Structure formats: C-alpha cells, structure tokens
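Letter by letter, the chains look like this.
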Amino acid sequence: MKKLVLLVLILLAGVLFHAEDLVVYTYDSFASTIAVKTIPIFEKMYDVKVKVLSFGDAGSVLSRIILEKESPRADVIVGLDQALLKKAVNEQVLEKYQSPKLSNIVLESLKDSSGFGTPYDYGAIAIVYNTESIDEPPTSFEELLNTRWKRSLVVEDPRTSSTGLAFLLWTIGVYGEENFLNYWSHLKDSILTVTPGWDEAFNLLELGETDMMVSYATDGAYSYHEYGTLKYMPIVMEEGAFVQVEYASIVKGATNRDLAEKFIDFLLSEDFQREVPLNQWMYPVVEVEVPEAFEYALKIDKVVPIDYEVVSKKLDSWLDSWAELMTAR
Amino acid sequence: MRKGVLCWLVPAIFVGAFLLFPIYLLVLRFPDIDLFQAASRHGNVIKFTFFQATVSAIFTALLGIPGAFLMNRTKLPKLFKSLLNAASMVPFVLPGITMAVGFLLTFGNSGVINAVLSRFGIQLSILYTFPAIIMGHVFYNFPLFMRIVGDSWSKIDGDILETASIDGCDGWKKFVKVELPLIFPSILTSFLLSFVYCFTSFSVVLILGGIRYSTLEVSIYMYLRVLLDFDSALSLTILQILFISSVSLLTGIFSSRTTSSAGKTVKERFPLWGYLYSFVAVVVVFLPLSMSIVGGFVSYGGGFTLNNFRNLFSSALRYVLGVTPLFTIIFTMALALFTAVLTLTIAFFSSYSSVRGKQRFSSVVCFVPTAVSAATIAFGLVMLSRVASLPIPFLLIVVYTLISLPIVHGMMENAWRNTPVEIEEAASLDGAGLFSMLFRIRFPMMRKEILGSLAFASAISIGEMTATIILSEPPFTTMSVLTYRLLSTRHLPEAQAMNSILAWIVLGLFFIVETAGSEH
Numbered sequence: 427m428k429k430l431v432l433l434v435l436i437l438l439a440g441v442l443f444h445a446e447d448l449v450v451y452t453y454d455s456f457a458s459t460i461a462v463k464t465i466p467i468f469e470k471m472y473d474v475k476v477k478v479l480s481f482g483d484a485g486s487v488l489s490r491i492i493l494e495k496e497s498p499r500a501d502v503i504v505g506l507d508q509a510l511l512k513k514a515v516n517e518q519v520l521e522k523y524q525s526p527k528l529s530n531i532v533l534e535s536l537k538d539s540s541g542f543g544t545p546y547d548y549g550a551i552a553i554v555y556n557t558e559s560i561d562e563p564p565t566s567f568e569e570l571l572n573t574r575w576k577r578s579l580v581v582e583d584p585r586t587s588s589t590g591l592a593f594l595l596w597t598i599g600v601y602g603e604e605n606f607l608n609y610w611s612h613l614k615d616s617i618l619t620v621t622p623g624w625d626e627a628f629n630l631l632e633l634g635e636t637d638m639m640v641s642y643a644t645d646g647a648y649s650y651h652e653y654g655t656l657k658y659m660p661i662v663m664e665e666g667a668f669v670q671v672e673y674a675s676i677v678k679g680a681t682n683r684d685l686a687e688k689f690i691d692f693l694l695s696e697d698f699q700r701e702v703p704l705n706q707w708m709y710p711v712v713e714v715e716v717p718e719a720f721e722y723a724l725k726i727d728k729v730v731p732i733d734y735e736v737v738s739k740k741l742d743s744w745l746d747s748w749a750e751l752m753t754a755r
Numbered sequence: 409m410r411k412g413v414l415c416w417l418v419p420a421i422f423v424g425a426f427l428l429f430p431i432y433l434l435v436l437r438f439p440d441i442d443l444f445q446a447a448s449r450h451g452n453v454i455k456f457t458f459f460q461a462t463v464s465a466i467f468t469a470l471l472g473i474p475g476a477f478l479m480n481r482t483k484l485p486k487l488f489k490s491l492l493n494a495a496s497m498v499p500f501v502l503p504g505i506t507m508a509v510g511f512l513l514t515f516g517n518s519g520v521i522n523a524v525l526s527r528f529g530i531q532l533s534i535l536y537t538f539p540a541i542i543m544g545h546v547f548y549n550f551p552l553f554m555r556i557v558g559d560s561w562s563k564i565d566g567d568i569l570e571t572a573s574i575d576g577c578d579g580w581k582k583f584v585k586v587e588l589p590l591i592f593p594s595i596l597t598s599f600l601l602s603f604v605y606c607f608t609s610f611s612v613v614l615i616l617g618g619i620r621y622s623t624l625e626v627s628i629y630m631y632l633r634v635l636l637d638f639d640s641a642l643s644l645t646i647l648q649i650l651f652i653s654s655v656s657l658l659t660g661i662f663s664s665r666t667t668s669s670a671g672k673t674v675k676e677r678f679p680l681w682g683y684l685y686s687f688v689a690v691v692v693v694f695l696p697l698s699m700s701i702v703g704g705f706v707s708y709g710g711g712f713t714l715n716n717f718r719n720l721f722s723s724a725l726r727y728v729l730g731v732t733p734l735f736t737i738i739f740t741m742a743l744a745l746f747t748a749v750l751t752l753t754i755a756f757f758s759s760y761s762s763v764r765g766k767q768r769f770s771s772v773v774c775f776v777p778t779a780v781s782a783a784t785i786a787f788g789l790v791m792l793s794r795v796a797s798l799p800i801p802f803l804l805i806v807v808y809t810l811i812s813l814p815i816v817h818g819m820m821e822n823a824w825r826n827t828p829v830e831i832e833e834a835a836s837l838d839g840a841g842l843f844s845m846l847f848r849i850r851f852p853m854m855r856k857e858i859l860g861s862l863a864f865a866s867a868i869s870i871g872e873m874t875a876t877i878i879l880s881e882p883p884f885t886t887m888s889v890l891t892y893r894l895l896s897t898r899h900l901p902e903a904q905a906m907n908s909i910l911a912w913i914v915l916g917l918f919f920i921v922e923t924a925g926s927e928h
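Protein sequences, first through last, are from chains A and B.
So the first sequence is residues 427 to 755, counted in the working numbering.
So the second sequence is residues 409 to 928, counted in the working numbering.
Pulled out of the complex, with its shape left as it was, chain A reads as follows (with noise of 0.2 Å):
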C-alpha cells in the first residue's frame, strides 16, 4: 500500500513538474529556424522549459488546436496570419490578451483590434521578376493586363496555397468583393499556369519557363543573402501591397496562462525581434536594427486594407466563383 501511495506521489509529482513546461505549438519554419536561436534565452530568463512543436504550415497547426479543443495541450499558438486568427476566433479556441508592450509596435495598423493576437512579425506578397529577362517590369495590376505580359505570369492555386490565398485576396482588397473576377477574367490572359505551391511555381522560375511569380516582397534580400545573387526581385505595385501579419495568441484553456502572457512579452523584445529579418524573412514590428541586406526587400509604403470579418463570411465563395472562373474552358 504504502508503496502505491509513493507510486502515486511521484506519478502526481511528474504531472506537476509537467506542468511547468510551456507548451508551444507554431507552423515548422518557425520551430526549425528562429525558436532555436531565441527560446533558450526566454527559458534562462524565467528558468523554466519551452516545449515548441510544429506540425506543418500554420493551417495544420490550427486544425490541430480546433480537433484538441476539450482538452487542449498547447499553451500558445504562434503564427496565424489574419485570416487564420478570424477563424480561431470565430472557433472559440483562443484567450484575450493585452500585453503591455503593444505600445512598442512600430505600426499601429498592425494590433488585432478584437484583442486576440498580438503581432510579431509582419512581410508582404510581391510579384517577383527576373532581373535578367525582364527590363520593365509591371509596376500596377492594369498593367499587368497588358498583351505584352501574355502567359507570363505564374500564379499560385489559393485553394491549395496560402501564398496564392493571399494573392487573391489582393486583388479582392484592389477591385474590391464585386470586380476582382471581372479583374481575374482578364488576368487569365497574361496568366502561364496556376501551381498548387509555391515551390512548383518556383521551379518554374528557376528553370526559366516563367519570369514573373507569386512570391514575397523578402526574396531581393533572401536570395542576396543566401546565394549572393539579385537576380529575382520583388515589383513595387502602385495600387498598395497586400501585408500580411502573424500573430501569437493564448490558447484557451492554457495551464499556463502567467508563463503564456510573459512569452508573448517577449515575442515583443528585442532580443525576439532582432532576429525575425534573417530567419523569418519578415519584417520586425518593433523598432530595432535591420540588417544590410534587407535593403533589397521591397519598401512598404502605402497597404491595401482588407477586411477579415468579411473574409472570413464569404472566402469559400469566392473561391468557388475563382475556381469556376478559372477551369472554365
């Protein structure tokens, strides 16, 4: 008996030192790049652990705090974008949150005003050129209609792509919820081929069938970075970029709400924020030192607004109408 009952202490131990452990669920680049540069100064600061698990893009983590909801493990939940944290919302999985360092953020545009996320990171979708076969690129959507651009544009499926998800509700947030299919319908035109990801499109790229893309407004200083070479670069659109920000929220039900509040602070520090350019290819909410080679990042300067309760009300049938639109023969 008394060997049951000191098997019981230190099963209810376990759990309780358990419970210490900050459980942290992220899409896979985030995991596999800037937690491993940043988190172990978090967990020196308040001696405790992270444990940071990714299960794929951002949507399969979603999916799975929607499926773990009645007994949830994750703590928080870092790296949905706007429309994604519309749809936590709207699912009920998240907790409100108030961190006291939003008054740091550099944009106020960028704070989720229903109190749900807190941004840490932001970047924008650009259509990338290149450099070598291209003299004059495009610089506006009309343009981009022009017969000298026929069937030289790849664009990503947003069925199945968030890269191209995002591009469409570009041109949603351009022409507007009533003409961006008659806008679409012309596109199709200077359009060579709808990929499933952004990956094949890039291949497309690289093997020279195509020399403009879906991509993002980072990819000047990713590939100066990376490769040393400028030979794709992001377009300058007149009618506004398309910015997408990702957010870190607490989930609910978190064991762990005092530690979930004081990661998300520090999601917000500079020690965070310093790191985001070079891993995340994004761009720091806070203000703090870029590094040289973002200066081949695209300049955001004027935002095209979207409005993500709408989005989220109508985003399958406009998909439905894009995708009649497009397999129409």
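Rather than coming from a laboratory, the hints here were simulated on the basis of the structure.
There's no promise every hint is true.
Derived lysine to aspartate or glutamate pairs resembling EDC-like cross-links, with alpha carbons at most 20 Å apart [stated by the list, open to error]:
| # | chain 1 | residue 1 | chain 2 | residue 2 |
| --- | --- | --- | --- | --- |
| 1 | B | Lys582 | B | Asp567 |
| 2 | A | Lys739 | B | Asp637 |
| 3 | A | Lys477 | B | Asp637 |
| 4 | A | Lys739 | B | Asp440 |
| 5 | A | Lys463 | A | Glu665 |
Everything numeric in this text was worked out from a predicted model, so none of it was measured.
Fit chain B to the supplied structure of chain A, relying on the hints for placement.
Relative to chain A, chain B alone:
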C-alpha cells in the same frame, strides 16, 4: 467453412480501428455532414475526376502491359532487366515536386525534348494540357502493371506455352487465347489500383495540367487545409470512400480466380516492336525519371551545380532539431522496416481471404485508405490519440501501413493466384503442417512478391510527408520531415538534392530486391 472467413477480420480490424473509427470521431466532432449537397455542388468536378482517371488508367495499361511482357517473357540480360525493373518502381515513391522538375526538364520550353526538336525548327508545348496529365499518371502508375502483371506473366507455365506453339498458336493469337486469360486477373488488379490512384491524384493534375483540370481531391484539400472547413472536407471524403469501395467491389466481381502453375519458364526473342516500345517508354518514363534525379543539381537561379549537396549537409544539420542526423536516418529506416513487416502481415491475410476464400469484402476494406487523403488520416489519428494515448512512432507506422496496404494487398493477391493450389494440396497430403506449409511451400513460392511488397511498403514510408509532418514530434524526426523543413524555409535547391538522394536510396532498395528476387 469457407477458407479465409476469419482472415478478412485482420484487415477489417486494422482499417476499422485506425481509419474508420478515427473518421467517426471526426464526424462526431463535426456533425454537419451533407453528402447530397456535397455531391450536387461538386457534380462537374466528380465527372471530370472520373473521366480523367479512366482515360489515365487505360493509357497506363497500354504502356504497362507490353512493358510487363518484354521484361518477363523475352530474353534480356539479367542485370539490365533488374536495373530497368528497379528504375520503373521509383516514380511511385517520388514526391510531386521532384516529378514536376523531371517533367519540366524533359518537356519544358528549355527541356531536353525541345532542345532536340528545335534543331528541326519544331517547338513542342505539351505542358498544361490534358495529355500532360495522362503522361504524368502513366509515369506514376505504370510500375503497378510492370510489377503485378509482370509477376503473373513470368509465372505462366512454359509447358502450356510450348504446347500452344506446337498446336500452331503463335504470336498475337497465343497472347489472346492462352496468355491473356491467365494474366487477366492481374491486369484487372493493376487497372483498379491505377484508376484509384488517378482518381485521388491532385498534384500531378495541377502541376502538369494546370488550373483548368482540378479533381475532387483539390476540393478536399481546400476545405481541409485552407478553409479548415472540416464538415465539407469530411462530406467529400465519405463520398469518395463510398465511390471507391463500390468500384473495387464491382471490379472484384469480374476478377475470377485463375491459377497457372509455375513450371519451367519459356523466353522468346526480343521482338521488333519492342524497340519502338522502348523508345516510347524512354520518352514518357525514363527520361523524366532521370531528369527528376538530376533535379538536385539545378542551382538557385538556374544552371547546374554540385553546391546543393554541400549546402544540404550544412543546413540539414541545422534542421535536425535536438537529435543527430544519424538518429533521423536510423529512425526513418526502422519505421520503414516495421511498416513493411506489418503491411505484409495484414496483406498476407487479406489477400488469402480475397483470392482463396473469395471474400471480396476483404479487398474493399484494403482499398478504403486510398479514398482518404493522408492529412485526413493524420487528423483522424490526432482525434484517436485524444481517446487512447498512442506513441508517435506507432502512429507513423499505422499511417504508412494504411497508405501501403492497397498496393501490397494487390501484389499479394497476385502471389496467391500464382501459387498453385495443387502443390499445397499435395504437400498437405504428405503431412505438411501449417508451419512447414508456410515456410517450405508458400513463402518460397511467393518470394518475388513478398520481397516486392516489403520494398514497396518501405519506400512509401520513407517518402510520405503530409501525414508525417502533422504527426511527428521531436525527437522523432524522419527524413521527409527534414525535406519539409528545407522546403518551408525556402531552401528549394537543397530540398531537391535531398529528394535526389531519396530517389537513389529507393532505386538501390528495389535493385537489391530485384536481384534477390530473380535468384533461384
């Protein structure tokens, strides 16, 4: 009692517990299932999916059956044959992105074919058309015919063929009257498998055909991964399960039992048309395949380089979190081994009951996993592990087994058909017990199929990525997780290099199997 009545319980319990029950759990959580609405809303997509799968499977058969003949019934150097056979298995386990590079380098504007044709002033644009989809599917699925029909063909009793020849039955007539009836069940099995895989394919269709051609699987992906609309995704999945089950049930009715005893084998001279065929096969299959493997040498910004491999090793080291690369390799291989053994065991029973016991239900059960996308299987298992805590390596083995089961079942069905009942009966008259029957008679006679199944299942488990990244947690990292990390951090050239290495591993694996399988 009919044979194999209890044997179908083995696949039924496995598929029931790890696929259907988890899907049921998902349905409990997301109960807004509406099959009727799903069917009517996706009517056109379903029609097109069905159409392209049928056409693809027919063309795969047209290329696969002559290939199986040439490889197994004509005189070819043994080493050449093993190498060719092994190479023809590789497409099946290549990730979509690697395949795409192979096709671009072959058929693209600056691809090999156009480089040759441009000397004659011809420009071929085959990409982004319907024929390109067919070519992609032939490329992927023709190994099924090579393997399954080929195994049947190689086991046709030489005496039967010689008798036919003596009776004046030769060439085409001999094929139609003598050989075709004997290999027909294996053709049907291969046809069904390629139909099902073409039905649920989506990256080939989108990459090679373009946006105009999307399949039901694209819609499922959209609901599940982009809109996170589980209700709609589940509705379509259940619809797909019902459809594929009925197709496999229907096919089962036509698949009559045929036994050809394996006596001596007769080989013919390599025919003249074989050269023409080889040319077509090289263009459609082997050229894109070699180009896929070359894909690892394409540098960032175009051009060829060896740097990718060097970069791969430095960045791979970075992305193996908390464990050594050696552990990743060992873990991947161990999972492959367990998967291969588990899949073979289940398929051994399921195929016994479907061939010997004529339990068609057994085949239907084995086909169900093809109707469910890897991501849905993984999310189902996430739900299951909320009910019963299961270790992660076990979950991964379960996923790989589910994905390999349909093919291995098909291969083992073929093995049972090719093992003559007469020999077993004779052995049992001579007093052979269950044990010696298995190890002395059945296993040696099925040697080729068993080795092939083991290789297939392990190759699939090495290549699987979608479910693996959803389920795996540190310290359990597989090689495909590593590839995903490279892709998701935009290290595309390095990821290609990794895939080239994987392709070599798989090629080596099948080559060993081929060489071991052909020895007697």
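Results for each hint:
no.: 1; hint: B:Lys582 / B:Asp567; result: holds, 13 Å
no.: 2; hint: A:Lys739 / B:Asp637; result: holds, 12 Å
no.: 3; hint: A:Lys477 / B:Asp637; result: violated, 28 Å
no.: 4; hint: A:Lys739 / B:Asp440; result: holds, 17 Å
no.: 5; hint: A:Lys463 / A:Glu665; result: violated, 37 Å
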